[in-house]
Amino acid sequence: MSNAIEIQGLRKAFGSTVALDGLDLTVRAGEVHAFLGPNGAGKTTTLRVLLGLLRADAGQVRLLGGDPWRDATRLHRRLAYVPGDVTLWPGLSGGEIIALMGRLRGDPQTARRAAALCERFQLDPAKKARAYSKGNRQKVALVAALASDAELLLLDEPTAGLDPLMEAVFRDCVQEERQAGRTILLSSHILAEAEALADRVSIIRAGRCAETGTLTELRHLARTSVTADLDHPARLAGVPGVHDLHQNGTRVTCQVDSTALTEVLARLAAAGIRAIACQPPTLEELFLRHYTTGSRETAVVR
Amino acid sequence: MTGLASTGPLTRLALRRDWFMMLAWVLVTTAGVAGVAYWLGQLYPTAAKRDVLASAAGTNPALVFLYSKLYGDSIGALTAWRYGVWAAIFAALMSIFVVIRNTRADEEAGRLELVGSAAVGRHAPLTAALAVAVAGNALLAMLVTAGLVLAGQPAGGSAALALAAAAAGVAFGCVAALAAQMAAGARTARGIALGALGAAYLLRAVADTASTAPLTWLTWLSPLGWTEQVRPFAGQRWWALALPAAVAAALGAAAYLAAARRDHGAGLLPDRPGRAQASALLRGVFGLAWRLELTGLAGWIAGFLFMGAIFGAAGKGIGSVLGSSSLLRNEFTRIGGQTAITNAYLAAVVMLTGLIAAAYATSVALRLRTEETTGLAEPVLATAAGRLRWALSRVTIAVTGTAVLLTGAGLAIGLGYGLRAGNAGGAVTAMLGAALAQLPAALAVAGVAVLLFGVLPRACVGIGWAAVAATLLMKVFGELLRIPQWAMDISPFTHVPRLPGGAVSAAPEVWLSLAAVTLAAVGLGALRLRDIG
Numbered sequence: 001m002s003n004a005i006e007i008q009g010l011r012k013a014f015g016s017t018v019a020l021d022g023l024d025l026t027v028r029a030g031e032v033h034a035f036l037g038p039n040g041a042g043k044t045t046t047l048r049v050l051l052g053l054l055r056a057d058a059g060q061v062r063l064l065g066g067d068p069w070r071d072a073t074r075l076h077r078r079l080a081y082v083p084g085d086v087t088l089w090p091g092l093s094g095g096e097i098i099a100l101m102g103r104l105r106g107d108p109q110t111a112r113r114a115a116a117l118c119e120r121f122q123l124d125p126a127k128k129a130r131a132y133s134k135g136n137r138q139k140v141a142l143v144a145a146l147a148s149d150a151e152l153l154l155l156d157e158p159t160a161g162l163d164p165l166m167e168a169v170f171r172d173c174v175q176e177e178r179q180a181g182r183t184i185l186l187s188s189h190i191l192a193e194a195e196a197l198a199d200r201v202s203i204i205r206a207g208r209c210a211e212t213g214t215l216t217e218l219r220h221l222a223r224t225s226v227t228a229d230l231d232h233p234a235r236l237a238g239v240p241g242v243h244d245l246h247q248n249g250t251r252v253t254c255q256v257d258s259t260a261l262t263e264v265l266a267r268l269a270a271a272g273i274r275a276i277a278c279q280p281p282t283l284e285e286l287f288l289r290h291y292t293t294g295s296r297e298t299a300v301v302r
Numbered sequence: 001m002t003g004l005a006s007t008g009p010l011t012r013l014a015l016r017r018d019w020f021m022m023l024a025w026v027l028v029t030t031a032g033v034a035g036v037a038y039w040l041g042q043l044y045p046t047a048a049k050r051d052v053l054a055s056a057a058g059t060n061p062a063l064v065f066l067y068s069k070l071y072g073d074s075i076g077a078l079t080a081w082r083y084g085v086w087a088a089i090f091a092a093l094m095s096i097f098v099v100i101r102n103t104r105a106d107e108e109a110g111r112l113e114l115v116g117s118a119a120v121g122r123h124a125p126l127t128a129a130l131a132v133a134v135a136g137n138a139l140l141a142m143l144v145t146a147g148l149v150l151a152g153q154p155a156g157g158s159a160a161l162a163l164a165a166a167a168a169g170v171a172f173g174c175v176a177a178l179a180a181q182m183a184a185g186a187r188t189a190r191g192i193a194l195g196a197l198g199a200a201y202l203l204r205a206v207a208d209t210a211s212t213a214p215l216t217w218l219t220w221l222s223p224l225g226w227t228e229q230v231r232p233f234a235g236q237r238w239w240a241l242a243l244p245a246a247v248a249a250a251l252g253a254a255a256y257l258a259a260a261r262r263d264h265g266a267g268l269l270p271d272r273p274g275r276a277q278a279s280a281l282l283r284g285v286f287g288l289a290w291r292l293e294l295t296g297l298a299g300w301i302a303g304f305l306f307m308g309a310i311f312g313a314a315g316k317g318i319g320s321v322l323g324s325s326s327l328l329r330n331e332f333t334r335i336g337g338q339t340a341i342t343n344a345y346l347a348a349v350v351m352l353t354g355l356i357a358a359a360y361a362t363s364v365a366l367r368l369r370t371e372e373t374t375g376l377a378e379p380v381l382a383t384a385a386g387r388l389r390w391a392l393s394r395v396t397i398a399v400t401g402t403a404v405l406l407t408g409a410g411l412a413i414g415l416g417y418g419l420r421a422g423n424a425g426g427a428v429t430a431m432l433g434a435a436l437a438q439l440p441a442a443l444a445v446a447g448v449a450v451l452l453f454g455v456l457p458r459a460c461v462g463i464g465w466a467a468v469a470a471t472l473l474m475k476v477f478g479e480l481l482r483i484p485q486w487a488m489d490i491s492p493f494t495h496v497p498r499l500p501g502g503a504v505s506a507a508p509e510v511w512l513s514l515a516a517v518t519l520a521a522v523g524l525g526a527l528r529l530r531d532i533g
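Top line first, the protein sequences correspond to chains Z and F.
For the record, in the first sequence the residue sitting at position 270 is 270 according to my numbering, with numbers rising by one throughout.
For the record, in the second sequence the residue sitting at position 390 is 390 according to my numbering, with numbers rising by one throughout.
In isolation and in its complexed conformation, chain Z is listed as follows (with noise of 0.2 Å):
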């Protein structure tokens, strides 16, 4: 399958702020992709690139096989945008808003499939866009983006202001898109959605990817929480690949990375297993070890 998104050494500067320093992406059709980092890490100027709201200094960037920046307006009839910062006309009620951005795409029937996404939501379209709070305004426009028919979807961070429930069917709703073939690209500092819906994540420091690939892959870089009650205490001091290792009598806890594995196990075995929790590294962990690392680095900027 072709790619959606391509995006090699791109650069942008507001200025003397670098906010994109080189940033490379791929996001593969029909994937869902999440694109983790910070805030300023420069998610938002990614997206607004790719919509050709920003022109790019440097670097190769093609959206759906065509350049976003010359091709925007034809790019744009087959995406659909969720703003991290929802802003809508006051006087305009949800409803004609969701229509208008349909009609706006060329898809007049994006009103007709957003009343059973209203439901879902729980959105009332009749109200006016000056009386919706951050997460009903936020709503309206998942709402029309997900009604619309495009084969793209670009969300930025698309669950602020959701509440638990609404976080739910927006995850159904992610779900059912990817079945049905659509590509999204996510951009979200929230990792256990990214952990929930991704097929592959890529993640963003300081305007470069520090990192891409399926949680899969991301955890083999990552280190395995074991927390062991033994019989004996076992000899683990000094082992290449343990880490943070706490030993208490015969109780043990320690960091390990995939490639210690056997060993540790095999020296945790001989000791005498009581009792024994192995735990693969949430996203919070890889998430950690690149901020903990990058904040030595120069400052992050958007």
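Be careful, since some hints might not be right.
[Unchecked claim] Cβ-to-Cβ under 10 Å is the rule here; a few derived chain Z residues that face chain F: (1) Leu51; (2) Asp85; (3) Asp124; (4) Ala141.
[To be verified] From chain Z, some residues computed to sit far from chain F (all C-beta separations above 12 Å): (5) Val86; (6) Lys134; (7) Ile276; (8) Glu285.
Treat the hints as calculated values from the structure; they're not laboratory data.
Backbone N, C-alpha and C define an ideal beta-carbon position, used for all residues, glycine too.
Given the coordinates of chain Z, assemble chain F onto it according to the supplied hints.
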């Protein structure tokens, strides 16, 4: 926590945000009032000359409708006639804007929620807004008094005129405070307060123009009528100041009561729900732009029709109002560019209409920048709309809206003048042509805003408005300030034929149209090449 906790810091915050705007209002009002007093003293130094002006001005119903009744023929009384009610209107506008901005507008934007979460009393924001409005009106009263005294007027009448204006300002500040409790949206709240001001103006205008008793009493129902009833420079009636004070107190108390009973973010008036489905009119960027601009345009049309009719009607007999004052005649013949006084007056009115229409066109064009900076443009530009079509949607409204406004103004001035002069058909045709002759110049001014929106977006709001202000100042004060001709030639309005009565020439109209199209085209071209946001 008391209801007024933290009023002090909030007042300082409001002052910090609004001191410049309020100072500008106060200085413009002061300069207007004191300037008129000084000017009348220069133009009509003797009682005999003033007598001519007073007898003509006091009997011209259009001028009485527009300004006020005339009580006396001293320079002070003439100043109060010309500027008393209007100084009160300026003070009221200042108060309405300041109060709404610091109450409902902040509440709607969510800023008051953040503020309210701190140790801030329930009534503190309203109190701070009213305190700032009262302070602004107090400053206005002091400066206007000082300005009039400096212009050689007696202190008693000066203080009466200044206090009458400031009292109306405070009263309308309290009207705004109550409106801010009623409507959930700042625009609606501002509309209610401005509507009350308009109604007050109409009530006093009808009362002043009417000759029969039941109608003349309407002046006592209007806060702007009370401004007149203080009778500055004509045996001041200080007790009349108690009326606006009492209304301010009553409306202020009502606003506090309402504020204590309503939820944060909600208004007392129910917010009407919108349609669940978009109508066919909301079809694309053009439909959206019309939907967003139509209400505003309707207001402008009403204003143009109303003022056009009044100023047109005032044209009949304008010669006798100006009397033998050669200086004042010169003012009109200079702006109007003709020697026949009625034509000069009408041409000056039409020219000012064109300048105000340029302000409308600029405001619509600059809304593009507002949509961009507030993030409203982003989702639209993420669709298949395209930048050019998005920008053109507003530019189209600027062009058609301005054309509609000038057409309306031409019709209204023509009818207003023609019906009184007994030549409605001819006057309407002449004034319609004269008004539409302003269109290319007005659009050329707005073209500057479109150009900058594409080329220098950060500066487009400032420079766009500066261009409007510069053309207005050049037209009104250009020769007075001895601005060199080459600088005057930059202003599009210098080149517009002086109609009615002047020579009709097509060449400047063609050149101005070309300039407007070129400016806009370069701006829109640059928009396609730049970053958004």
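Cross-check of the supplied hints:
1. Leu51: Holds - the Cβ of Z:Leu51 comes within 10 Å of chain F, reaching about 5 Å at its closest.
2. Asp85: Hint holds; Z:Asp85 Cβ to chain F Cβ min 6 Å, cut 10 Å.
3. Asp124: holds (8 Å)
4. Ala141: holds (7 Å)
5. Val86: At about 8 Å from chain F, Z:Val86 fails to clear the 12 Å cut-off, so the statement is violated.
6. Lys134: violated (9 Å)
7. Ile276: holds (48 Å)
8. Glu285: holds (34 Å)
Of the hints listed earlier, those the structure fails to meet are numbers 5 and 6, in rising order.
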